[in-house]
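Go by the hints and put chain H onto chain E.
Chains as they are written, first to last, in this note's numbering: chain E, 30 to 362; chain H, 30 to 362.
Keep in mind that the hints were calculated from the coordinates and are not lab data.
Since this is a predicted model, take the numbers as computed values, not measurements.
A couple of the hints might just be wrong.
Unchecked claim - Covered stretches of chain E (chain H as the covering partner; in silico rule of three or more C-beta atoms under 8 Å from a C-beta of chain H): (1) 77-87; (2) 297-311; (3) 314-320; (4) 349-355.
Stated by the list, open to error - Simulated restraints, written as ranges between beta carbons of each label pair: (5) H:353 <-> E:185: 44 to 50 Å; (6) E:277 <-> H:162: 55 to 61 Å; (7) E:50 <-> H:268: 18 to 24 Å; (8) H:185 <-> E:63: 29 to 35 Å; (9) H:99 <-> E:142: 26 to 32 Å; (10) E:153 <-> H:63: 17 to 23 Å.
As the list claims (entries may be wrong) - Calculated Cβ distances over 10 Å to all of chain H for the following chain E residues: (11) 46; (12) 62; (13) 72; (14) 128; (15) 155; (16) 156; (17) 169; (18) 175; (19) 177; (20) 185; (21) 210; (22) 256; (23) 262; (24) 358.
Glycine included, each C-beta is placed from N, C-alpha and C at the ideal position.
Protein chains: 2
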Amino acid sequence: MQTPSFTGLAIQPTDIDAAAARLAGVAHRTPARTSRTADERTGARLYFKCENFQRMGAFKFRGAYNALSQFSPEQRQRGVIAFSSGNHAQAIALAARLLGMPSAIVMPADSPAAKLAATRGYQQGQPDSEVVLYDRYTEDREAIGKRLAAERGMTLIPPYDHPHVMAGQGTAAAELLDEVGPLDLLVVCVGGGGLISGCAVAAHARAPGIEVIGVEPEAGNDVQQSLAAGRIVKIDTPRTLADGAQTQAAGALTFPVIQRLVRRVVTATDAQLVSTMRFFAERMKMVVEPTGCLAAAALLEGAVDARGCRVGIVISGGNVDLSHYASLIGSAG
Amino acid sequence: MQTPSFTGLAIQPTDIDAAAARLAGVAHRTPARTSRTADERTGARLYFKCENFQRMGAFKFRGAYNALSQFSPEQRQRGVIAFSSGNHAQAIALAARLLGMPSAIVMPADSPAAKLAATRGYQQGQPDSEVVLYDRYTEDREAIGKRLAAERGMTLIPPYDHPHVMAGQGTAAAELLDEVGPLDLLVVCVGGGGLISGCAVAAHARAPGIEVIGVEPEAGNDVQQSLAAGRIVKIDTPRTLADGAQTQAAGALTFPVIQRLVRRVVTATDAQLVSTMRFFAERMKMVVEPTGCLAAAALLEGAVDARGCRVGIVISGGNVDLSHYASLIGSAG
Numbered sequence: 030m031q032t033p034s035f036t037g038l039a040i041q042p043t044d045i046d047a048a049a050a051r052l053a054g055v056a057h058r059t060p061a062r063t064s065r066t067a068d069e070r071t072g073a074r075l076y077f078k079c080e081n082f083q084r085m086g087a088f089k090f091r092g093a094y095n096a097l098s099q100f101s102p103e104q105r106q107r108g109v110i111a112f113s114s115g116n117h118a119q120a121i122a123l124a125a126r127l128l129g130m131p132s133a134i135v136m137p138a139d140s141p142a143a144k145l146a147a148t149r150g151y152q153q154g155q156p157d158s159e160v161v162l163y164d165r166y167t168e169d170r171e172a173i174g175k176r177l178a179a180e181r182g183m184t185l186i187p188p189y190d191h192p193h194v195m196a197g198q199g200t201a202a203a204e205l206l207d208e209v210g211p212l213d214l215l216v217v218c219v220g221g222g223g224l225i226s227g228c229a230v231a232a233h234a235r236a237p238g239i240e241v242i243g244v245e246p247e248a249g250n251d252v253q254q255s256l257a258a259g260r261i262v263k264i265d266t267p268r269t270l271a272d273g274a275q276t277q278a279a280g281a282l283t284f285p286v287i288q289r290l291v292r293r294v295v296t297a298t299d300a301q302l303v304s305t306m307r308f309f310a311e312r313m314k315m316v317v318e319p320t321g322c323l324a325a326a327a328l329l330e331g332a333v334d335a336r337g338c339r340v341g342i343v344i345s346g347g348n349v350d351l352s353h354y355a356s357l358i359g360s361a362g
Numbered sequence: 030m031q032t033p034s035f036t037g038l039a040i041q042p043t044d045i046d047a048a049a050a051r052l053a054g055v056a057h058r059t060p061a062r063t064s065r066t067a068d069e070r071t072g073a074r075l076y077f078k079c080e081n082f083q084r085m086g087a088f089k090f091r092g093a094y095n096a097l098s099q100f101s102p103e104q105r106q107r108g109v110i111a112f113s114s115g116n117h118a119q120a121i122a123l124a125a126r127l128l129g130m131p132s133a134i135v136m137p138a139d140s141p142a143a144k145l146a147a148t149r150g151y152q153q154g155q156p157d158s159e160v161v162l163y164d165r166y167t168e169d170r171e172a173i174g175k176r177l178a179a180e181r182g183m184t185l186i187p188p189y190d191h192p193h194v195m196a197g198q199g200t201a202a203a204e205l206l207d208e209v210g211p212l213d214l215l216v217v218c219v220g221g222g223g224l225i226s227g228c229a230v231a232a233h234a235r236a237p238g239i240e241v242i243g244v245e246p247e248a249g250n251d252v253q254q255s256l257a258a259g260r261i262v263k264i265d266t267p268r269t270l271a272d273g274a275q276t277q278a279a280g281a282l283t284f285p286v287i288q289r290l291v292r293r294v295v296t297a298t299d300a301q302l303v304s305t306m307r308f309f310a311e312r313m314k315m316v317v318e319p320t321g322c323l324a325a326a327a328l329l330e331g332a333v334d335a336r337g338c339r340v341g342i343v344i345s346g347g348n349v350d351l352s353h354y355a356s357l358i359g360s361a362g
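If we strip away everything but chain E, and leave its shape as in the complex, we get (with noise of 0.2 Å):
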């Protein structure tokens, strides 16, 4: 099979490999975890790659700490501003501390309490960095982050839509790769594009002839419209259980890996989502936060059929409130 071309779009292979190198000894090298009872469900061989057991629970670190780490001297005594009420704001928070840079994190005001604490944490003992609140309601977030970035020089890392933070996150596909040998399938939550369009290319680079399926909410699938459409569609704000998936639009950077390197989107639902997030809590131990269950739902519940085939799953993250937790997986399954 031939490797296809990466002619044209945003990362190349050698860019997940740089990024790999700068990731390591800082980014937990994720377990790459099987069950047998998904595998008899499924009649494939399923690699989970546990990216809710990395820094701070998510695969975002991969990408925040490889854009910030590029950073100029200049770049670096100035700062990093992200807009984030979620998983990119305190991978930023946390990337910045460990570089030694100051962060401005922009959050909605009403954001909850324990993710402000969060963020917070993360940039504990870094002077100069603040999370700075707005009224979602009244105020623009664009021009806040606009007059900060004046302001105080700041670098703004947008949460997918950036080379470098694209080639952070394939080093997730890379890793899983390099540790379990070819696979037929891999498969990968998308809400921006930015996981899957770094993966798409790391996998395809070191299995030329694999295939990348994507899994969007029921609710959010923009990219699948956009697939058929053949351009970037936009849609409102979808509502899902899938908080990290509530992305309007694949990026201008992300979508051409997408068109190019992956083979199709599926979509689950909320009710497919918390059923998968009960298995990995009952069978695998494991906390998964309900976009982290994406793809491990295609697989499970039948969207995706992969019989005879060896599989990897990328588990985007576990970061997921505790109590909105219980109730979803204490509900009778």
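Positioned in the frame of chain E, the structure of chain H alone reads:
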């Protein structure tokens, strides 16, 4: 430092090495995980041996398989009996099926449906295997066991007081020390003493100066009392969340090992177990059963001061009914 004497004990270091050879490729070599948060909180370097990721969800598989794999051809043909409604039952059922022998698991008729189903699930495909129910208020399980043993010639394997069981459990500590290197402390939960006795022999053989510390539920501190009295003290069945440590007394074989090789036994309250269970879910993204939290609770809640030490902690298992688990971790923390 001098290796302590193992003379006169029911198991020797070579028994653990032999058990490890029998378990190779059959039991999982479970990961040793670390947590920066736990390290910061305790001032120590902690290595968590994750037996919640073991086959059937607990360390018990090690001892069961080690014992059953040493049956004579005739014993194999007749099969094995176990009394248990917990992890030992499931471990025996699974090990028996893997070795192609019948199993009879004697369980109370009012056991949770999930446990009955799980045990039967592990017996599936193995002819002549069954769950034998008894009424715990009117029937004597010992008598049932003796009758089955006499009628069918089956061999009874007790949950802890058996050299092959003890040696099998010790492979958990052997793997941990072989992977992470010398430790100052090894902290292990204590029920009947099968796990800690095996682990203590393995640990002292590998790290002569190591201190082994046991942790019991506060409500069921029979081994702590026994060490003080210098003889096995029997208590009423304790009321504790740690259902795997609801034993009334240590065993005739396990207690002498504990007396010689365990430095001391401390206790943890149910509230501390819940708090530790929440820690594992929130920070390490792992489901751990209450009994599996005992050892970590002693460190995280301060009963054991380990500042500056390298510490091994055995997480014994992750089998807990999901709705019960949800109610425990979902409560205000």
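The hints, checked one at a time:
| no. | hint | verdict |
| --- | --- | --- |
| 1 | 77-87 | holds (count 3) |
| 2 | 297-311 | holds (count 3) |
| 3 | 314-320 | holds (count 4) |
| 4 | 349-355 | holds (count 4) |
| 5 | H:353 <-> E:185: 44 to 50 Å | holds, 46 Å |
| 6 | E:277 <-> H:162: 55 to 61 Å | holds, 56 Å |
| 7 | E:50 <-> H:268: 18 to 24 Å | violated, 55 Å |
| 8 | H:185 <-> E:63: 29 to 35 Å | holds, 33 Å |
| 9 | H:99 <-> E:142: 26 to 32 Å | violated, 56 Å |
| 10 | E:153 <-> H:63: 17 to 23 Å | holds, 20 Å |
| 11 | 46 | holds, 26 Å |
| 12 | 62 | violated, 7 Å |
| 13 | 72 | holds, 17 Å |
| 14 | 128 | holds, 17 Å |
| 15 | 155 | holds, 16 Å |
| 16 | 156 | holds, 20 Å |
| 17 | 169 | holds, 34 Å |
| 18 | 175 | holds, 35 Å |
| 19 | 177 | holds, 29 Å |
| 20 | 185 | holds, 28 Å |
| 21 | 210 | holds, 18 Å |
| 22 | 256 | holds, 32 Å |
| 23 | 262 | holds, 34 Å |
| 24 | 358 | violated, 5 Å |
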